[in-house]
Amino acid sequence: GAFGGLMAYGIVQIKTDRNYRFIFLLEGAPSIILAVIAFCFLGDLPETVKWLSPTERELVTNRLRNDAGTACNTRFSWKQVKDVFIDWKVYFYMFIFMAIIGFIMLITLSKTTMMSNCISTDPTVAMYIATVIACIGTYTTVPLHCSWFTNNIDGTTKRGVATGLIVGFGNLGGVIAGQIYRDKYYPDYRISHSITLGFICVTLALVIILKILLIRENRRRANLTIEQYELECSRDEPLDWHPDVIYVE
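At position 107 of the sequence shown the residue is numbered 107 (the working numbering), and the sequence of numbers has no breaks.
It should be emphasised that the hints constitute simulated quantities derived from the structure, not laboratory data.
Honestly, I wouldn't trust all of these hints.
[What the hints assert, rightly or not] Computed spacing ranges between beta-carbons, pair by pair:
{"#": "1", "residue 1": "R182", "residue 2": "R21", "range": "19 to 27 Å"}
{"#": "2", "residue 1": "I133", "residue 2": "Y91", "range": "50 to 58 Å"}
{"#": "3", "residue 1": "G164", "residue 2": "I37", "range": "29 to 37 Å"}
{"#": "4", "residue 1": "I133", "residue 2": "G198", "range": "18 to 26 Å"}
{"#": "5", "residue 1": "R182", "residue 2": "R219", "range": "46 to 54 Å"}
{"#": "6", "residue 1": "L25", "residue 2": "I133", "range": "30 to 38 Å"}
{"#": "7", "residue 1": "E227", "residue 2": "Q179", "range": "29 to 37 Å"}
{"#": "8", "residue 1": "L213", "residue 2": "A29", "range": "39 to 47 Å"}
{"#": "9", "residue 1": "I200", "residue 2": "Y91", "range": "13 to 21 Å"}
{"#": "10", "residue 1": "V142", "residue 2": "A38", "range": "42 to 50 Å"}
{"#": "11", "residue 1": "L26", "residue 2": "G178", "range": "17 to 25 Å"}
[Claimed, not checked] In silico DSSO-like cross-links for lysine-lysine, where the CA-CA straight-line distance does not exceed 30 Å:
{"#": "12", "residue 1": "K82", "residue 2": "K211"}
{"#": "13", "residue 1": "K211", "residue 2": "K89"}
{"#": "14", "residue 1": "K211", "residue 2": "K79"}
{"#": "15", "residue 1": "K79", "residue 2": "K89"}
Source: prediction; values computed, not measured.
We treat Cβ as the ideally placed atom computed from N, Cα and C, and that holds for glycine.
Build the full structure now, drawing on both the sequences and the hints.
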C-alpha cells in the first residue's frame with residue numbers, strides 16, 4: 001500500500017494529461033499477469049489438482065465436505081443462481097457493502113488527490129494519527145462483511161454468484177462518492193460531510209435489521225416441529241435454507 005501510494009504520487013508529478021493512465025497501467029498490469037498464472041496453475045477443485053497425492057486429495061475433500069455440510073455439491077447449478085436473486089439476505093448484504101465502500105471512498109475524497117497519495121508514505125505525525133483515528137473501524141469492515149455473507153450463503157455456485165453480485169453492486173458506492181465532494185461545497189463541505197454521515201447511519205441501520213432477522217430465523221428453525229423440519233429438508237438443494245443451518249448473527 002505504501003509503495004503504491006509513493007508510485008502514484010511520483011506519476012502525478014509528471015507534466016502530462018495521461019497520469020492516471022500510467023497509474024492504472026503500472027498498478028493493474030501485475031494483477032493481470034498474476035491472474036494468468038493463477039488460471040494456469042491454480043486447481044479448480046481439490047479432487048482434480050495434480051500436485052496433491054491421492055491421499056491428500058481425499059483428506060482435503062473430506063474436510064471441505066464436512067465443513068460445507070448441506071452444501072457440499074461443487075457442480076455448477078442454475079437453481080443456485082436463481083436462489084441468489086430470491087434470497088433476501090443477499091440484498092441486505094449488497095446495500096451494506098455499497099454503504100461501506102461509499103464511506104471508504106468519501107474518506108479518501110475528502111482530501112486532495114495529492115494528499116491521499118502521500119498520506120500512506122511520508123505523512124507528518126499529526127496527519128498520520130488523524131488519519132488512523134478517522135479510518136478506525138472503516139477498512140476492517142470490508143473483510144468482516146465478506147466473511148459474514150460467505151458464511152451465511154451456502155452452495156458453491158450460489159456463494160460465487162452472490163459474492164460477485166454483492167461486491168459488484170457495492171462498488172457503486174465509489175461512483176456515488178465521486179459525485180459528492182465537489183468544488184461548489186468548498187470550503188466547509190457541510191453537505192458532503194452530511195452525506196458521509198448518512199452512509200454511516202444507513203450501514204448501521206441495515207446491519208442491526210439484518211442481525212435481528214437472522215436471530216429470528218435461527219429461533220424459528222430451532223423450534224420447528226418434526227413435520228415442518230422434514231418438509232423443509234425435502235427441498236431440492238436446500239443449501240442455507242436447510243433447517244440445520246445456523247446463520248452467523
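For each hint, the structure was consulted:
1. Between R182 and R21, the C-beta spacing of about 23 Å keeps the proposed range 19 to 27 Å intact.
2. Range check, I133 to Y91: about 33 Å between beta-carbon atoms, so the 50 to 58 Å window is missed.
3. Checked against the hint of 29 to 37 Å, the C-beta distance between G164 and I37 comes to roughly 21 Å, which is inconsistent with it.
4. Between I133 and G198 the beta carbons are some 21 Å apart, a value that agrees with the proposed interval 18 to 26 Å.
5. Here the CB-CB span from R182 to R219 is close to 47 Å, well matched to the stated 46 to 54 Å.
6. One distance hint, 30 to 38 Å for the beta-carbon pair L25 and I133, holds here, with the actual separation near 34 Å.
7. Hint check: E227 to Q179, Cβ distance near 54 Å, so the stated range 29 to 37 Å is violated.
8. The supplied range of 39 to 47 Å is met by L213 and A29, whose beta-carbon atoms lie about 43 Å from each other.
9. With their beta carbons about 20 Å apart, I200 and Y91 fall inside the hinted range of 13 to 21 Å.
10. Taken as a hint, the range 42 to 50 Å is violated for the pair V142 and A38, whose Cβ atoms sit roughly 21 Å apart.
11. Checking the proposed 17 to 25 Å range against L26 and G178 shows it holds: the Cβ atoms sit about 22 Å from each other.
12. About 24 Å separates the Cα atoms of K82 and K211, which keeps this hinted pair within 30 Å; it holds.
13. In summary, the hint linking K211 to K89 is supported, as the alpha carbons are separated by about 10 Å, within the 30 Å threshold.
14. For a cut-off of 30 Å, the pair hint linking K211 to K79 stands: about 26 Å separates their Cα positions.
15. For the given pair, K79 sits about 17 Å from K89 by alpha-carbon distance, which is consistent with the 30 Å threshold.
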